Amino acid sequence: MVFGGALIVAFPFLWMLLGSFKTIQESNLFPPTFLPREWHPQNYLEAWTRPPSTLGRYLLNSAFTAIVGTAGQLAIGVLAAYAFARLRFRGRDLLFLLVLATTMIPNEITLIPNFVTIRHIPLVGGNDLLGNCGQGLYDSYAAMILPGLAGAFPIFLLRQTFLTVPNEYWEAAQLDGTSNLGYLWRILLPLTAPSLITVALLGFVGRWNALLWPLLVTRRESIRPVQVAMTYFQDENVTDYGLLMAAAFLVTVPIILLYLVAQRRFIEGVTAGGLKG
Amino acid sequence: MNIRALPPLARARREARRTSGWGGLLYVLPALALLVLFEVWPVFFNLWISLWKWDVGPLDFVGLANYRRLFVEGFVTRDYTGGLAIGEVLHSLIITIYYVLGTVPVTILLAFGLATLLFRKIPGRGALRTIYFLPHVTGGAAIAIVFAWMFSAQAGVVNALFQAIGLPTQRWLDDPIPFLKRVTEAVGLGTLPGLPDIVAGPSTALVVIILYTIWSSLGFNIIIYLAGLTAIPGELYEAARIDGASGATILRRITWPLLMPTTFFLLIYNTIGTFQAFTPIYTLTRGSSIGRGEAGGPLDSTLTITVYLFRNFYERANSVGYAAAVAFLLFFIMLGLTIVQFRVVGRRVQYQ
Chain P
1 MVFGGALIVA FPFLWMLLGS FKTIQESNLF PPTFLPREWH PQNYLEAWTR PPSTLGRYLL
61 NSAFTAIVGT AGQLAIGVLA AYAFARLRFR GRDLLFLLVL ATTMIPNEIT LIPNFVTIRH
121 IPLVGGNDLL GNCGQGLYDS YAAMILPGLA GAFPIFLLRQ TFLTVPNEYW EAAQLDGTSN
181 LGYLWRILLP LTAPSLITVA LLGFVGRWNA LLWPLLVTRR ESIRPVQVAM TYFQDENVTD
241 YGLLMAAAFL VTVPIILLYL VAQRRFIEGV TAGGLKG
Chain Y
1 MNIRALPPLA RARREARRTS GWGGLLYVLP ALALLVLFEV WPVFFNLWIS LWKWDVGPLD
61 FVGLANYRRL FVEGFVTRDY TGGLAIGEVL HSLIITIYYV LGTVPVTILL AFGLATLLFR
121 KIPGRGALRT IYFLPHVTGG AAIAIVFAWM FSAQAGVVNA LFQAIGLPTQ RWLDDPIPFL
181 KRVTEAVGLG TLPGLPDIVA GPSTALVVII LYTIWSSLGF NIIIYLAGLT AIPGELYEAA
241 RIDGASGATI LRRITWPLLM PTTFFLLIYN TIGTFQAFTP IYTLTRGSSI GRGEAGGPLD
301 STLTITVYLF RNFYERANSV GYAAAVAFLL FFIMLGLTIV QFRVVGRRVQ YQ
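Chains P and Y are the protein sequences, given in the same order. Sequential numbering from 1 applies to the first sequence in the working numbering. Sequential numbering from 1 applies to the second sequence in the working numbering.
Every clue listed holds true.
For each label pair, taking beta carbons as the anchor points, the in silico distance ranges come out as:
(1) Asn318(Y) / Val261(P): 45 to 55 angstroms
(2) Phe61(Y) / Leu7(P): 57 to 67 angstroms
(3) Phe162(Y) / Asp93(P): 55 to 65 angstroms
(4) Ile339(Y) / Val261(P): 32 to 42 angstroms
(5) Trp22(Y) / Met1(P): 56 to 66 angstroms
(6) Pro166(P) / Leu90(Y): 51 to 61 angstroms
(7) Leu90(Y) / Val261(P): 45 to 55 angstroms
(8) Asp243(Y) / Ala63(P): 53 to 63 angstroms
Partial pick of chain Y residues on the chain P-facing surface, computed with a CB cut under 10 angstroms:
(9) Gly23
(10) Leu37
(11) Pro42
(12) Phe45
(13) Asn46
(14) Trp54
(15) Val56
(16) Leu128
(17) Phe147
(18) Ser152
(19) Gln163
(20) Thr169
(21) Leu226
(22) Gln276
(23) Val326
(24) Leu335
These aren't lab readings, by the way, just hints derived from the structure by calculation. Just so you know, these numbers come straight off a predicted model, no measurement behind them. Every residue, glycine too, gets a C-beta built ideally from N, C-alpha and C.
Work out the full structure, taking the sequences as your base and the hints as a guide.
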């Protein structure tokens, strides 16, 4: 049962890989061939060059938004988590409760207001001081990145990790006259690197796979991420399955490699709280 | 773990050494500003938008008209003959419930079974876990397109399999007819003309979405069950084995009851995920040859409440205010589920 199940689960990946080498005629045969009768690697070249703005460009857009978004989330999350774990300030517990409470807010309710907010950010995209007249951040990288930049889950997870670091490290750092930021950067972050990697990986994968939000807030081909591009690449080549599989493979393989390299971190993160960006 | 768990004196001592006053606020300011602007404020802003007829911007203040449309016409409406009919919202909710019922119990039972097997020291265990979990990380539009080909009516490998084992081939993603009727048809009972489609379970197209969702979320469920299994003390199994309990009895009397909190957590977690699913439905249902080629087809038979929200927001003119009202309905459903989930997570932590 376990082995049979694994075969079924792995089958779509295998089918994608085999299909990516089939010609359009062969991919439409019924019943289908298992191995390609004639290997047709040209699909990859075509998948790379044919979309309106070339697949390479879309992949770059995805990589850019995912990396900047994840790095920003990590930076913002680390600072907040450190303060919530180690600093004492007025209203700390209340504010942490507020952060936790935002996890109860589902994405759907933020969709429309955030779309409107993005269009009305003042002084960008032709907007005046009050955020009118232009399109604000609509149709920009910032529009894709900003709303998901601060996640409650990373803050929560990093805070938990920071709390497990023994107090002696801080005391020793204080004897050396280290500041808060110096302690955070030189001691705490290296000590908690596994958790940081976990948060980064989950953030990256969530952003790489995102479809709905980037679809809503972008229009220009030159900035759209690859998952959005895949949907109309699909519309334009409905039955050229070989070509579609080659494109799908190119889009999926970075994630597969990342997962194979850092599987343990993924699983730790998922066990700790689910795949939330 | 928690700083409050320390005795008061140690806690005070520890905290006194830290910067006090407003310094710490600076650290949390970026996160808080973003969370307030893009998470908290939207709840109120969404309410405001839902009171308007709104397109790119506000057009008319309409008060509760959008909610009337949502809760009155959305539930009961009149068809072209003047008879009573199911409204759009109720229709979407029913589709969503079919989607949840088709996905969640199957995923959980499969994951439970597989997790108990993967928990044993079988050869290749690591590789098996890797494979099962892989679909969870590759959950974008790209991989869903593979399913569009596999379930293609003309060139799909699934139809080839059906033909090979003597089953009638299906039109899958192009078929708005309930799968139940396709089954009764196949066994010679006809398509049950007396039974309205909407009460006959998920459409054949939705079944494909359900299969995709099970495939893609199975690994996550297995991982969570495996984490739960490691928390069960080994002595319990030993004691049961000494008492002569069979493997099946142990599974039913020990493993399943002890993993109940995990199961309950997964139940809610999967339900929420299914309610929110967008990518597979958008990717797999636009290409349908029946209908307008919008997500949710064919003939709206995969139009879950989230896709219905998207349709009104993105594909209909002047409907943004109404979509915001739909978002509120969804918000309260999710909030209810999330509150239950938080309680369960709390309980789950206590068990460990």
